[in-house]
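Student: Assemble the whole structure, with the sequences as input and the hints as a guide.
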Amino acid sequence: MGKETVIPFGPQHPVLPEPIHLDLVLEDETVVEAIPSIGYIHRGLEKLVEKKDYQQYTYVAERICGICSFMHGMGYCMSIESIMGVQVPERAEFLRTIWAELSRIHSHMLWLGLLADALGFESLFMHSWRLREQILDIFEETTGGRVIFSVCDIGGVRRDIDSETLKKITSILDGFEKEYSEITKVFLNDSSVILRTQGLGVLSKQAAFELGAVGPMARASGIDIDMRKSGYAAYGKLKIEPILETAGDCYARTSVRIREVFQSIDLIRQCIAMIPEGEIKVKVSGNPNGEYFTRLEQPRGEVLYYVKANGTKFLDRVRVRTPTFANIPALLETLKGCQLADVPVLILTIDPCISCTER
Amino acid sequence: MNFSKKSPWILHYDGSSCNGCDIEVLACLTPLYDVERFGVINTGNPKHADILLITGSINEQNKSVVKQLYEQMADPKVVVAVGICAATGGIFSECYNVLGGVDRIIPVDVYVPGCAARPEAIIDGVVKALDMLEERQKYARKKDK
Amino acid sequence: MAQQTINTISPNELLAYALRLKNANYRLVAISSSNVENGIEMSYSFDSGNDFVNLRIIARPGDEIESISSIYSYSFLYENEIKELFGVNITGISPDYKDKLYRISVKTPFNAKEGDNNG
Numbered sequence: 001m002g003k004e005t006v007i008p009f010g011p012q013h014p015v016l017p018e019p020i021h022l023d024l025v026l027e028d029e030t031v032v033e034a035i036p037s038i039g040y041i042h043r044g045l046e047k048l049v050e051k052k053d054y055q056q057y058t059y060v061a062e063r064i065c066g067i068c069s070f071m072h073g074m075g076y077c078m079s080i081e082s083i084m085g086v087q088v089p090e091r092a093e094f095l096r097t098i099w100a101e102l103s104r105i106h107s108h109m110l111w112l113g114l115l116a117d118a119l120g121f122e123s124l125f126m127h128s129w130r131l132r133e134q135i136l137d138i139f140e141e142t143t144g145g146r147v148i149f150s151v152c153d154i155g156g157v158r159r160d161i162d163s164e165t166l167k168k169i170t171s172i173l174d175g176f177e178k179e180y181s182e183i184t185k186v187f188l189n190d191s192s193v194i195l196r197t198q199g200l201g202v203l204s205k206q207a208a209f210e211l212g213a214v215g216p217m218a219r220a221s222g223i224d225i226d227m228r229k230s231g232y233a234a235y236g237k238l239k240i241e242p243i244l245e246t247a248g249d250c251y252a253r254t255s256v257r258i259r260e261v262f263q264s265i266d267l268i269r270q271c272i273a274m275i276p277e278g279e280i281k282v283k284v285s286g287n288p289n290g291e292y293f294t295r296l297e298q299p300r301g302e303v304l305y306y307v308k309a310n311g312t313k314f315l316d317r318v319r320v321r322t323p324t325f326a327n328i329p330a331l332l333e334t335l336k337g338c339q340l341a342d343v344p345v346l347i348l349t350i351d352p353c354i355s356c357t358e359r
Numbered sequence: 001m002n003f004s005k006k007s008p009w010i011l012h013y014d015g016s017s018c019n020g021c022d023i024e025v026l027a028c029l030t031p032l033y034d035v036e037r038f039g040v041i042n043t044g045n046p047k048h049a050d051i052l053l054i055t056g057s058i059n060e061q062n063k064s065v066v067k068q069l070y071e072q073m074a075d076p077k078v079v080v081a082v083g084i085c086a087a088t089g090g091i092f093s094e095c096y097n098v099l100g101g102v103d104r105i106i107p108v109d110v111y112v113p114g115c116a117a118r119p120e121a122i123i124d125g126v127v128k129a130l131d132m133l134e135e136r137q138k139y140a141r142k143k144d145k
Numbered sequence: 001m002a003q004q005t006i007n008t009i010s011p012n013e014l015l016a017y018a019l020r021l022k023n024a025n026y027r028l029v030a031i032s033s034s035n036v037e038n039g040i041e042m043s044y045s046f047d048s049g050n051d052f053v054n055l056r057i058i059a060r061p062g063d064e065i066e067s068i069s070s071i072y073s074y075s076f077l078y079e080n081e082i083k084e085l086f087g088v089n090i091t092g093i094s095p096d097y098k099d100k101l102y103r104i105s106v107k108t109p110f111n112a113k114e115g116d117n118n119g
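Chains as they are written, first to last, in UniProt numbering: chain A, 1 to 359; chain B, 1 to 145; chain C, 1 to 119.
Calculated directly from the structure, the hints in this document are not laboratory data. Be careful, since some hints might not be right.
A few chain C residues facing chain B, derived, Cβ under 10 Å [stated by the list, open to error]: (1) V36; (2) I58; (3) R103.
Coverage of chain C stretches by chain A, computed from C-beta distances (three or more under 8 Å per stretch; other residues unrestricted) [unchecked claim]: (4) 19 to 33; (5) 50 to 56; (6) 64 to 75.
Heads up, the beta-carbon is just placed ideally off N, CA and C, and yes, glycines get one too.
Tutor: Structure, rendered in structure tokens:
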């Protein structure tokens, strides 16, 4: 047995654009323990409720994270709507679902690119990000923004998408799907990708449950959990089956996300086929009073918003439990026993969002 | 462009950004915007870098990291603050764990506006930084003579 | 709006309730906390299938709250967080990061003892 060494992983680490920080306790090349710490991106934005009123806070919520920005805004708005008993128009629910699923595609494409980069597969990284731009173009055309849209508002959405544009989205997605299928073949069949991901960081179904994993991380271990099935927004009217794998290794997590992009494309098509005419926003007046827990499915898994209001325009508390936070215990467990050289890929396959986690 | 023009290498550090600007910085490197055609490469090593690109605001934790990265870079160097958080702290300036913009601790040469900053704006900022870099190089050469 | 189940219990019943939920195959979703007049209110959210339940306790200043990490191992992150951000005295967390999870300069920033800020 070798001597124990502690290696700090981060804050500036090339595998992630974000400052993640872990202390890795090593015995020779093998990780014995990983200790997380939070602070480099911690802003304390939950405490901003004291300075921004509940309408303004929508903008803060969107900036919890720039990748899942839309869904953060949506989750916050849904919480306030639930407290105030606001019924969001049906068309707005469908529009939200379309943007949410587009966000999932953009997030998964971004992740696939980062994975390719971590594997040292530069051209695959470029291809993933090139394709992702097609989705960003849709965002820009429909909302005006590429990353942060500010299109979701309490009571509905700020912009409509006309039928012409909806048709255009369908045709962009058709082309996207074709090119994307090509890329996925590399991710799923390339021998070096397989060698570097299969059997790595295995999380059994039992362990995933015991450690409270969520999202693709849990689904790759065979746990049937997907908040979209609870039917928020327009999901109740769509046909949706959670995508499951059983192996629980890095390859299975990749495969789940790859298939989820196809699923999102399908969901958007369903939405476009079913979207009703009508208003996109109801007027909201007065101040919220009460509390509510909202849960929805982000690209990285289940997120929970807890909002507590006191009848004034300033909220008592907003608390966000992000999917990465829930997946950290499972990550720490799978890191134990792996080789130091595998750590970057392993960390990446939980699709960590540090900005979300540290808030 | 003449051949002796510098190919600037960039060091990107994420202060406490929400990722919005970071993914746009990365988007600059990928095929649609492709800054590599200007010879720009994203490096992880501060000793290799000419331009320090910072997203997000400064807090008690990353203060020393940013300072250290800046000091490790060889002269001449230029700092570009990307996005409103890097400029002033932006929407988070009132948070308890946010000190403010990057210029609180190191000199900033170019401020790129936006929340999130658009790739076009980031490239514009880098091009501006390039001119400054050239200026500084000339000045340094003159001083040597 | 759908009503949500919130069960207010006393802190010393917490472990017994948590154990019951664990045996019924409930998953711990999150532990949230907020400031209330007489202390800090902690809500433990659990989920099983379509059932979403919350246990709520109030930690008064000086109270010792026992960790549920012996029942739900992954509660340690939430408990460390609440301990560091709100200053609730949670005992027996495994592993206890001893105020080292958050590397921030402010101590217990969420503990509201700094006067009126409700504008």
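Student: Which of the stated hints cannot be reconciled with the structure, identified by number in ascending sequence?
Tutor: 1 and 2
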